[in-house]
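Spelled out from the first residue to the last, the chains are:
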Amino acid sequence: MSEEQILAIVRRVLDGDVNAFEDLVRLFEKNVYNIALRLSGDREDALDISQEAFLKAYRSLHTFRGDSRFSVWLYRIVSNTAMDYLRTRARRAEDSLTVENEQGEQSERELPDESMSPESLYDRKLTREALRRGLLSLPEDQRKILLLREIEGFSYEEIGNILSLESGTVKSRIFRARKKLCEFLASDGNISAPPSSRNTRGGETP
Amino acid sequence: MKDCTYYQELISRLIDRELSPEEGEELRAHAETCEDCRAVYTAFSALSSLVSEELVDPPAELRENVMATIRRGEMKKKNKTRKHTWRIVSVAACAVLVVGVGALTLPRLLRAGSAKSAAPQAAYSVMEAPAQADRAAGSAESEEAVENEYSIFNSAVSDSFAAPATETTMSESDMIAQAMEAAEEPESVAEIVDVTGQGRGQAIAALLVGTQGDLPAGVSPDRRFLLRFDRDGVSSQVLISVYGERVFFISLSGEQSDMVLSDYSWSALRAKIYN
Numbered sequence: 000m001s002e003e004q005i006l007a008i009v010r011r012v013l014d015g016d017v018n019a020f021e022d023l024v025r026l027f028e029k030n031v032y033n034i035a036l037r038l039s040g041d042r043e044d045a046l047d048i049s050q051e052a053f054l055k056a057y058r059s060l061h062t063f064r065g066d067s068r069f070s071v072w073l074y075r076i077v078s079n080t081a082m083d084y085l086r087t088r089a090r091r092a093e094d095s096l097t098v099e100n101e102q103g104e105q106s107e108r109e110l111p112d113e114s115m116s117p118e119s120l121y122d123r124k125l126t127r128e129a130l131r132r133g134l135l136s137l138p139e140d141q142r143k144i145l146l147l148r149e150i151e152g153f154s155y156e157e158i159g160n161i162l163s164l165e166s167g168t169v170k171s172r173i174f175r176a177r178k179k180l181c182e183f184l185a186s187d188g189n190i191s192a193p194p195s196s197r198n199t200r201g202g203e204t205p
Numbered sequence: 000m001k002d003c004t005y006y007q008e009l010i011s012r013l014i015d016r017e018l019s020p021e022e023g024e025e026l027r028a029h030a031e032t033c034e035d036c037r038a039v040y041t042a043f044s045a046l047s048s049l050v051s052e053e054l055v056d057p058p059a060e061l062r063e064n065v066m067a068t069i070r071r072g073e074m075k076k077k078n079k080t081r082k083h084t085w086r087i088v089s090v091a092a093c094a095v096l097v098v099g100v101g102a103l104t105l106p107r108l109l110r111a112g113s114a115k116s117a118a119p120q121a122a123y124s125v126m127e128a129p130a131q132a133d134r135a136a137g138s139a140e141s142e143e144a145v146e147n148e149y150s151i152f153n154s155a156v157s158d159s160f161a162a163p164a165t166e167t168t169m170s171e172s173d174m175i176a177q178a179m180e181a182a183e184e185p186e187s188v189a190e191i192v193d194v195t196g197q198g199r200g201q202a203i204a205a206l207l208v209g210t211q212g213d214l215p216a217g218v219s220p221d222r223r224f225l226l227r228f229d230r231d232g233v234s235s236q237v238l239i240s241v242y243g244e245r246v247f248f249i250s251l252s253g254e255q256s257d258m259v260l261s262d263y264s265w266s267a268l269r270a271k272i273y274n
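Those sequence lines, one after another, are chains A and B.
Terminal number for the first sequence in numbering that gives the first Met the number 0: 205, no gaps in between.
Terminal number for the second sequence in numbering that gives the first Met the number 0: 274, no gaps in between.
Bound conformation, chain B alone (with noise of 0.2 Å):
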């Protein structure tokens, strides 16, 4: 004959309904007969109620803390290194040439060649304004020739453009305010790494290629290069892709590539390299 005990684990189980028909009736019969048993249905029942019933609510910081912290992190991300581009970097060591930052270099090379602040916004001026930014740079190029290589764009990376005020948008000027902001502090460094020809660095260009779409197509660009900095601890990375003399920036940095053409010409770009 089986116990109390057994029936009882019957009893656990018709509560959470886990219980097989066979075993339901085999528990009624015993039930009918075992007054201890029916207590205990009584009394476990009494619990289920009693611990899935009165829950409290949860403090509003909860969700906005959960949310700022995220929204936080979307932010930084665009600026963290990825593992495999610094063992680009690695790799190319050969080939480093230190850049001394302070106002210098970093801050020319990223920000548009118009005479607009550095402030955050400046970062809108290189991606919203390039005819702008080319005719204050005194390019050759005309306001045309800069709207149909704003046509080679993604469809996402235009949308952006059209919409400055949207996050997406934030995601590029947000790197290259970063890097402004990096290159405006002494103690931030930069590095710029030239990686022509190297299998890696076009390993990882053709993925961007590819999922881009922005690049020439099947064109290896004539020189790349990587460009770091550092700001805050976290690392930020620039790949530059350097077609005659179109220079196209691509962010390694978030988990999505960010790709800005600048208004910099090669020529002056390799003025501020090997200067």
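Only chain A is shown next, with the shape it has when bound in the complex (with noise of 0.2 Å):
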């Protein structure tokens, strides 16, 4: 769907078109859950996140003015939202996350098995379930920027637009978490280790 069109849609919604919303919703739900979905590792989590950030966009729809893309606007709700769900339930919950955070780090400081069979990646569901752990052993902001590079496809420009970060800092934080997210999956088996960042992960903070 072009620009123009969304656009559309937005000004009946805001002529008063209720329905016209969920057109809008339609159009980003998978993106939306899928990148809440890989934020927070959870389903029913993933859920929350992309209602809320669905009904925050319908309520601040009149604050938007056309002078980014539409989806550049509704992805900083987006993330705005996602992030202080996560901060909420991590203060909800902090003792079960810390298991899992402290095994994530764990699986992330091992170091990588050299036998690991190279290039190929492995059945689907183990690997789909390793780049879940692997995008939450991301720190937040990593694991924010990638999904919003790689599910979404923005530009740095608008992922600077978005996170309200220069885009040097965009570039190098995507590098970081690619290589970081190697790093882990490789340890787990799930691709092959680039070789030069094994040579470099010494130097690395978590």
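Check before you lean on any hint, since a few could be wrong.
[Unchecked claim] From the derived model, a few chain A residues whose C-beta atoms are all more than 10 Å from chain B: (1) M0; (2) A7; (3) I8; (4) R10; (5) R11; (6) E28; (7) N33; (8) D41; (9) D66; (10) F69; (11) R75; (12) R132; (13) P138; (14) E139; (15) L146.
[To be verified] So the derived label-pair ranges between C-beta atoms look like this: (16) A:V17 to B:T41: 40 to 50 Å; (17) A:E43 to B:E25: 38 to 48 Å; (18) A:E156 to B:G72: 30 to 40 Å; (19) A:G15 to B:D56: 24 to 34 Å; (20) A:G15 to B:R16: 22 to 32 Å.
For the record, the hints were derived by calculation from the structure and aren't laboratory data.
Note that the Cβ used here is the ideal one computed from N, Cα and C, for glycine as well.
Make the complex out of the two chains shown on their own, each in a separate frame, by following the hints.
And the structure:
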């Protein structure tokens, strides 16, 4: 759907056509949900975050000025909603999360198994689960930025706009996220470890 | 000489199509001689497709819940009090007449004078059949006169009269229906504040007039009242403007004010307020 078509729907909503908002939800729900899912690692949380984000978008739709793509505006809300949500959740269930984090960090710190089979990706289910854990092992800011890039395909400039970051920060953060995720998956045996990142991993901080 | 980390950052940007042609050339030259960086390219690419592939379908309840909440909210919004109208109430506190509700004042105030039931449809009787209502109330006004009064309503309002099944109509009828329901609950509180001649009240009324084009333009009403009632913890307000014997109700609760010309005559209303 073109940006013009999206803007036309936005205008209809602003003119009081509540049902038109359903078209916007339909259009973005899959990517929003998947970003939320990979940010949170939990289906229930992803559902809560997505719903909350769409409701916030509806309530503040009148603030959308059209100076960026609509999706840029929308994902700023999604990003903020997810961060608020995850922070609250972290406070709420600090104990159970700590265990998860420790596990994640532990496996991250393990040296990659050199005997791991190279190049190919493993069984899809295993891979997906490994990816889920790998993403969760990333610091929140890296995880978020990588998902915005990979799932919604935003440019660095747009991501900078969404997260209020310089595009220089965006590019280095995406790079760091990729490196870290590769290392995690390599240690997990799901992806071939990039040789050079193996060499540099000693200097990394989690 | 640049180290591999530099080139790997370029690889990351190559995948994201954020590389200048010069940088691309530089990377290509390096990758020809560096096996490690070629492996990094393979790994980053695999990762990229891994993250962007296999997106799951969101549960159907996502959209359902969002839309249900929004639709519920749109109904409730009609009953929320605007901040500025609250200020008027406090400014006008000197002239407060608290009116006991029960089944007494408010239902009669808002219900058509006809013998129609208190069911939600009764709201329509106020708007849909004012002529009938007028006759039932024994008003002296002729049917034609009432029709003429409708013609001064803006198109949005008259459209909603013509098509009572649409959502637009719901907004007006909803307001009245809610008011009536509230009035039938003993714990509801209603308050009528005389704001005649008060600057703020007039400013808002002027604003409403400007938006709606409903009320006799440029003419101050003889009397103006704010009617407030609570229901389910939500406050609603209705501005009542009296022009001669004609009484206008404007809901101040929604985003847009809803306007209803009541069949109530001023003399009948006055009796209710000052009895």
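(message) Minimum C-beta separation from E28 (chain A) to chain B exceeding 10 Å: can you confirm that?
(response) The claim breaks: E28 (chain A) does not keep its Cβ more than 10 Å from every Cβ of chain B (closest is about 5 Å).
(message) According to the definition I'm using, a residue is off the interface if its beta carbon is farther than 10 Å from all beta carbons of the partner; does A7 (chain A) meet that for chain B?
(response) It holds; A7 (chain A) is separated from chain B by about 19 Å at its closest Cβ, greater than 10 Å.
(message) Confirm or reject: N33 (chain A) is not an interface residue toward chain B, with every Cβ-Cβ distance exceeding 10 Å.
(response) 4 Å, violated
(message) Does D41 (chain A) clear chain B by more than 10 Å, comparing its Cβ with all Cβ atoms of that chain?
(response) 13 Å, holds
(message) For P138 (chain A), is the shortest CB-to-CB distance to chain B above 10 Å, so the non-interface label stands?
(response) Correct as stated: the minimum Cβ-Cβ distance to chain B is 16 Å, above 10 Å.
(message) At 10 Å, judged by beta carbons, does R75 (chain A) keep clear of chain B as stated?
(response) 18 Å, holds
(message) Between the beta carbons of E43 (chain A) and E25 (chain B), is the distance compatible with 38 to 48 Å?
(response) 47 Å, holds
(message) Confirm or reject: R11 (chain A) is not an interface residue toward chain B, with every Cβ-Cβ distance exceeding 10 Å.
(response) At about 13 Å from chain B, R11 (chain A) clears the 10 Å cut-off, so the statement holds.
(request) Please confirm whether E139 (chain A) is truly not at the interface, meaning its C-beta sits more than 10 Å away from all C-beta atoms of chain B. (result) 16 Å, holds
(request) Quick one: work out the minimum CB distance from I8 (chain A) to chain B and report holds if it exceeds 10 Å, violated otherwise. (result) Given a closest Cβ separation of 14 Å, the condition holds.
(request) With 10 Å as the threshold, tell me whether M0 (chain A) passes as away from chain B on beta-carbon distances. (result) Consistent with the label, M0 (chain A) stays out of reach of chain B, its closest Cβ about 16 Å off (over 10 Å).
(message) Would the non-interface assignment of L146 (chain A) survive a Cβ cutoff of 10 Å against chain B?
(response) Non-interface label fails for L146 (chain A): nearest chain B Cβ at 7 Å, not farther than 10 Å.
The structure does not agree with the numbered hints 6, 7, 15 and 20 stated previously, though it agrees with the rest.
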